[in-house]
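S.K.: Here is what each chain is made of, one letter per residue.
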Amino acid sequence: MEVCGEDGQLKLLGQPYSPFVVRVSIALAVKGIHYEFIEEDIHNKSELLLKSNPVHKKIPVLIHNGKPVCESMNIVQYIEEAWGNKAPNILPKDPYDRAIARFWAAFVDDKFIPSIWGVFKDEGEEQQKAVEETVANFLLLEETLSGKAYFGGDEIGLVDIALGGLLVTIQTVEKITNSVLIDKQKMPLLSAWADKFCKADRVKEVLPDPATLLKLMWERKAKMTSPPAGN
Amino acid sequence: MAVEDCEPKGQVKLLGTSQSPFVVRVRIALALKGIHYEYIEENLQNKSPLMLQSNPVHKKIPVLLHNGKPVCESMIIVQYIEETWSSKAPNLVPKDPYDRAIARFWVAFVDDKVGPCIRGIFMGRGDEQQKAVEELVANFLWLEEALRTSGKAYFGGDEIGLVDIALGSRSQWIKILEKVTNIVLIEPEKMPLLRAWMERFLEADGVKQVLPDEAKMLEFASAIRARFAAAPAGN
Numbered sequence: 001m002e003v004c005g006e007d008g009q010l011k012l013l014g015q016p017y018s019p020f021v022v023r024v025s026i027a028l029a030v031k032g033i034h035y036e037f038i039e040e041d042i043h044n045k046s047e048l049l050l051k052s053n054p055v056h057k058k059i060p061v062l063i064h065n066g067k068p069v070c071e072s073m074n075i076v077q078y079i080e081e082a083w084g085n086k087a088p089n090i091l092p093k094d095p096y097d098r099a100i101a102r103f104w105a106a107f108v109d110d111k112f113i114p115s116i117w118g119v120f121k122d123e124g125e126e127q128q129k130a131v132e133e134t135v136a137n138f139l140l141l142e143e144t145l146s147g148k149a150y151f152g153g154d155e156i157g158l159v160d161i162a163l164g165g166l167l168v169t170i171q172t173v174e175k176i177t178n179s180v181l182i183d184k185q186k187m188p189l190l191s192a193w194a195d196k197f198c199k200a201d202r203v204k205e206v207l208p209d210p211a212t213l214l215k216l217m218w219e220r221k222a223k224m225t226s227p228p229a230g231n
Numbered sequence: 001m002a003v004e005d006c007e008p009k010g011q012v013k014l015l016g017t018s019q020s021p022f023v024v025r026v027r028i029a030l031a032l033k034g035i036h037y038e039y040i041e042e043n044l045q046n047k048s049p050l051m052l053q054s055n056p057v058h059k060k061i062p063v064l065l066h067n068g069k070p071v072c073e074s075m076i077i078v079q080y081i082e083e084t085w086s087s088k089a090p091n092l093v094p095k096d097p098y099d100r101a102i103a104r105f106w107v108a109f110v111d112d113k114v115g116p117c118i119r120g121i122f123m124g125r126g127d128e129q130q131k132a133v134e135e136l137v138a139n140f141l142w143l144e145e146a147l148r149t150s151g152k153a154y155f156g157g158d159e160i161g162l163v164d165i166a167l168g169s170r171s172q173w174i175k176i177l178e179k180v181t182n183i184v185l186i187e188p189e190k191m192p193l194l195r196a197w198m199e200r201f202l203e204a205d206g207v208k209q210v211l212p213d214e215a216k217m218l219e220f221a222s223a224i225r226a227r228f229a230a231a232p233a234g235n
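Protein chains in written order, with this note's numbering: chain C, 1 to 231; chain H, 1 to 235.
No wet-lab data here; the hints were simulated from the structure. All C-beta atoms in this analysis are idealised placements derived from N, C-alpha and C, irrespective of residue type, glycine included.
Pairs of lysine to aspartate or glutamate residues, derived as DMTMM-like cross-links and limited to a Cα-Cα distance of at most 25 Å, are as follows: (1) LYS184(C) to ASP195(C); (2) LYS58(C) to GLU135(H); (3) LYS57(C) to GLU144(H); (4) LYS11(C) to ASP96(H); (5) LYS51(C) to ASP99(H).
Per label pair, the in silico range of CB-to-CB distance: (6) ALA211(C) to SER87(H): 52 to 62 Å; (7) PHE220(H) to LEU48(C): 44 to 54 Å; (8) LYS215(C) to LYS69(H): 44 to 54 Å; (9) ASP94(C) to GLU38(H): 20 to 30 Å; (10) ASP201(C) to ARG227(H): 49 to 59 Å; (11) LYS47(H) to GLU143(C): 14 to 24 Å; (12) ASN178(C) to GLU187(H): 51 to 61 Å.
Chain C residues, not near chain H, derived (Cβ > 12 Å throughout): (13) GLN15; (14) GLY118; (15) LEU145; (16) SER146; (17) GLY153; (18) SER179; (19) LEU189; (20) ALA222.
All chains, full assembly: derive it from the sequences and hints.
M.R.: Here it is, written out as structure tokens:
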């Protein structure tokens, strides 16, 4: 793998199963940008990570010519702007279309992430509530897809990356909790989109392996439900 | 005040409420860019059909309507204003992609970290409130550091930018919070740059004209605080 991209040295600090890291990997892959992936152990964070993201101490961090960029969707927009001449364009050119793309990307972050996390960690009524909320949010997204291959239009865009990065995680949560979040009957467009996205060139190579993610998330779930050690 | 309905780039309307710091953000951006618009005050207890139709997903203000097309979410609206009227000075967003990324980082920090702490202090009592205060002070220290790194009058440089608007719009609330809770949140000794920045921002042209009336805000805040801080009713 080339260490130096056309525009200088690029490193991505992350972990291949984190949906937030996956978002950045997708953006880099779609733009055909080469970089060095540095795998972080989140239980034993490297000096580089702590120095690069002192505020949040989280992955992903993109380091471009030694300068760090943090927060996944912020990184994705940075990639688009720093490599604006490299097709495809992740953000539309028109300011209004950009505002709409940013609106739905924010919706994914503000609404989906908490509700999907709720489906995963909660039980009983709380979990049911989280499922209903997730389904309601998906139905809103279903509406915005009408007549388009991707949220971005003919090509993958900001919203596709925002939600697409979470797809394998969402599918894993469905399996573990035995719930249906992306319902084929109720959301035919979204189901077709999910299928197309996961198979898209350049994207499929960077998506996490579903079997490994399933194992990791089962382990995480087990830790959450086991009684705490103690006297 | 006469309001020109037609700007060179079309008709602009802003749906908002007078107390909301999120609406203030948009008003500041429009004022700095010198854009004329029609302001429509919404009643949140009785939302207008226009508001519900323009923001069906969140049913919240602010909503900017540009030639009838709605833009929602305050900082998204501010970026939209910058990109649509990019040739009008000042520029609210830096030109360099890296500087933009830094600006967006701090905007997200203000909304994800500072916002919930302010709420926590406002609505909370006892230990819970104390925890929120400590967290907010820690967050402010990061922002103090960011200002020190910039070495300029504003987070945006010599002129007001995205981060100034995001944080500055909450300044009045921060000051009011200090008054109603009797807690100093931005200590001048620990955070001299932030304190100075706040005063400078509140006095700046484009900002001072659009800020809500402080006395009314204090009254509004005291009433809410009294409700939350009152002892729970017994049975």
